[in-house]
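Which chain is which? The protein sequence lines are A and B, in order. 21 is the number that our numbering gives to position 21 of the first sequence; each next residue is one higher, with no gaps. Converting from the second sequence to our numbering requires adding 1000 to each position, the first position being numbered 1.
Watch out, some of these pointers could steer you wrong.
Unchecked claim - Straight-line C-alpha distance at most 27 angstroms; calculated BS3-like pairs for lysine-lysine:
(1) B:1057 to A:81
(2) A:81 to B:1009
(3) A:95 to B:1014
(4) A:95 to B:1057
Read the hints as simulated data drawn from the structure, not as lab findings.
Read off the chains here:
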Amino acid sequence: GQSLEQPSEVTAVEGAIVQINCTYQTSGFYGLSWYQQHDGGAPTFLSYNALDGLEETGRFSSFLSRSDSYGYLLLQELQMKDSASYFCASGGYNKLIFGAGTRLAVHP
Amino acid sequence: NAGVTQTPKFRVLKTGQSMTLLCAQDMNHEYMYWYRQDPGMGLRLIHYSVGEGTTAKGEVPDGYNVSRLKKQNFLLGLESAAPSQTSVYFCASSYGSGRGHEQFFGPGTRLTVL
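Work out the full structure, taking the sequences as your base and the hints as a guide.
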């Protein structure tokens, strides 16, 4: 079986840094992906970690520790437009299982 | 490039009615997927396809059928709609083997079954 756990909500202020954690249980591991979804919109791909360590893409970074079955998404210099839901996902060969999502609210 | 498109955007059905949701992609992707998303939940995989003429079951396939007669199109059918199928349906596509972690999603279809 496979499951991914992430916090349901996170709140932060503009300009701050926020970390969204994801722990997973998988029968086979093919890396950890992160997606962003604004209300009423479609999910969009943010990042992917196949190996341990940190991947950086602009203001967003993603980290993976396979030995701990744990990863996180780090958002820096938060902006109001970052208010959205963030999903971690993993899965078997080209089949993604998504976590329930973390709703991030950014306040002025 | 239009990316991934879905039709219709909204639909209301009565219990027992049937309908087909159409997904099209113009990125020449091998893999296509259908998900459903319910309030406060992540996406759950219904069916997927790894190439033209192939389909396979995902996490929640019951009550749905799919077909992929052309590489660019992936159809999702509901033969006899039930209120439990009220949801937002997303289609996605990705490149071939080993690159399924980066999926491109359509705008979604909001389906209500009364």
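Hint by hint, where does the structure go against what was stated? Just the numbers, ascending. 1 and 3
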